[in-house]
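Trainee: Chains A and B supply the protein sequences, listed in that same order. Note that the first sequence ends on residue 116 in the numbering used here; no numbers are left out. Note that the second sequence ends on residue 112 in the numbering used here; no numbers are left out.
I should point out that these hints are in silico values taken from the structure, not numbers from a laboratory. Source: prediction; values computed, not measured. Watch out, some of these pointers could steer you wrong.
Claimed, not checked - Derived DSS-like pairs: lysine-lysine, alpha-carbon spacing no greater than 27 angstroms straight-line:
1) A/49 to A/77
2) A/103 to B/44
3) A/69 to A/49
4) A/22 to B/9
5) A/58 to A/22
6) A/77 to B/14
7) A/69 to A/58
8) B/57 to B/9
9) B/44 to B/9
10) A/77 to A/58
11) A/49 to A/22
12) B/44 to B/14
13) A/103 to A/49
14) A/103 to B/9
15) B/57 to A/103
16) A/77 to A/22
17) A/103 to A/77
18) B/44 to A/77
19) B/14 to A/49
20) A/69 to A/22
21) A/69 to A/103
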Amino acid sequence: AQSVAQPEDQVNVAEGNPLTVKCTYSVSGNPYLFWYVQYPNRGLQFLLKYITGDNLVKGSYGFEAEFNKSQTSFHLKKPSALVSDSALYFCAVRDIGAGNNRKLIWGLGTSLAVNP
Amino acid sequence: NAGVTQTPKFRILKIGQSMTLQCTQDMNHNYMYWYRQDPGMGLKLIYYSVGAGITDKGEVPNGYNVSRSTTEDFPLRLELAAPSQTSVYFCASSIAGLDEQFFGPGTRLTVL
């Protein structure tokens, strides 16, 4: 069964330090992977996606994510965290071998708190 | 572009009442989605549409109905509101199934 896991409910990091938000997935074929961010009382915003090619994907607001096929992971990273990065982060995956299945499978979200 | 707009922003319903959550996008996207977000539960897909006149069920369709008569609009209908439908509802759209989804600001619904 297709699934995506975000093993940490909450991540705390000091401003200026690097941050990592973890995501692992399970699909039957090759994955399409996404990261979204949700600020308080707002809808989700797209950060980046992996389809194919370079395993390191760069996205909005200085975020990047590394696709690791052997570890079935797609961790979100940023070299230097800002207080304004504090938000809820969602990982999502679609199995591109799923034919007419156009649905994304969403993780439960990780709350990132960046402390000044 | 306004993007994806949703109305109303907030609503309180009594058990058994009905209502329609409105969603409109002005980006000429083919795909549209309705999600509900419950605390600690992430996003659950209710219904989605790949184009005008075509809709399909998501993970949690029971108690809801949708229609897609135009490319722009994708209303979500609750016929007999139940407390279990208390949630935040998000509408989203995308050009195609593997493209980024653009989300509306959400509707916070409480059923008492």
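Trainee: Would you mind marking each hint as holding or not holding in the structure?
Mentor: Okay, the hints, checked on the actual structure:
Of the supplied pair hints, the one linking residue 49 of chain A and residue 77 of chain A holds, its CA atoms being roughly 13 angstroms apart against a limit of 27 angstroms. The suggested pairing of residue 103 of chain A with residue 44 of chain B holds, with an alpha-carbon distance near 10 angstroms, which does not exceed 27 angstroms. Distance restraint check for residue 69 of chain A and residue 49 of chain A: the Cα-Cα separation of roughly 15 angstroms lies within the 27 angstroms cut-off, and the hinted pair is therefore satisfied. Proposed proximity of residue 22 of chain A and residue 9 of chain B is contradicted: the alpha carbons are some 32 angstroms apart, above 27 angstroms.
Among the hinted pairs, residue 58 of chain A with residue 22 of chain A is consistent with the structure: their alpha-carbon atoms are about 16 angstroms apart, no more than 27 angstroms. Of the pairs offered as hints, the one joining residue 77 of chain A and residue 14 of chain B is violated, with about 44 angstroms between alpha carbons and a cut-off of 27 angstroms exceeded. With a CA separation close to 17 angstroms, the supplied pair residue 69 of chain A and residue 58 of chain A stays within the 27 angstroms bound. Distance restraint check for residue 57 of chain B and residue 9 of chain B: the Cα-Cα separation of roughly 24 angstroms lies within the 27 angstroms cut-off, and the hinted pair is therefore satisfied.
A hinted pair counts as satisfied when its Cα atoms are at most 27 angstroms apart, and residue 44 of chain B with residue 9 of chain B qualifies at roughly 19 angstroms. With a C-alpha separation of about 10 angstroms, the suggested pair residue 77 of chain A and residue 58 of chain A falls inside the 27 angstroms cut-off, and the hint holds. Note on residue 49 of chain A and residue 22 of chain A: the hinted pairing holds, with a Cα-Cα distance of about 15 angstroms set against a maximum of 27 angstroms. About 23 angstroms separates the Cα atoms of residue 44 of chain B and residue 14 of chain B, which keeps this hinted pair within 27 angstroms; it holds.
For the given pair, residue 103 of chain A sits about 15 angstroms from residue 49 of chain A by alpha-carbon distance, which is consistent with the 27 angstroms threshold. The straight-line distance between the Cα atoms of residue 103 of chain A and residue 9 of chain B is roughly 25 angstroms, inside the 27 angstroms bound, and the hint therefore holds. At roughly 10 angstroms between alpha-carbon atoms, residue 57 of chain B and residue 103 of chain A fall within 27 angstroms of each other, so this suggested pair holds. Taking the CA atoms of residue 77 of chain A and residue 22 of chain A, the gap is near 9 angstroms; set against the 27 angstroms cutoff, the hint holds.
Taking the CA atoms of residue 103 of chain A and residue 77 of chain A, the gap is about 25 angstroms. The hint holds against a cut of 27 angstroms. Restraint check for residue 44 of chain B and residue 77 of chain A: satisfied, since their Cα atoms lie roughly 25 angstroms apart, inside the 27 angstroms limit. A C-alpha spacing of about 41 angstroms is found between residue 14 of chain B and residue 49 of chain A, which places the hinted pair above 27 angstroms, so the restraint is violated. The hinted pair formed by residue 69 of chain A and residue 22 of chain A meets the criterion: a straight-line CA distance of about 14 angstroms does not exceed 27 angstroms.
Restraint check for residue 69 of chain A and residue 103 of chain A: the C-alpha separation of about 21 angstroms stays at or below 27 angstroms, so the hint holds.
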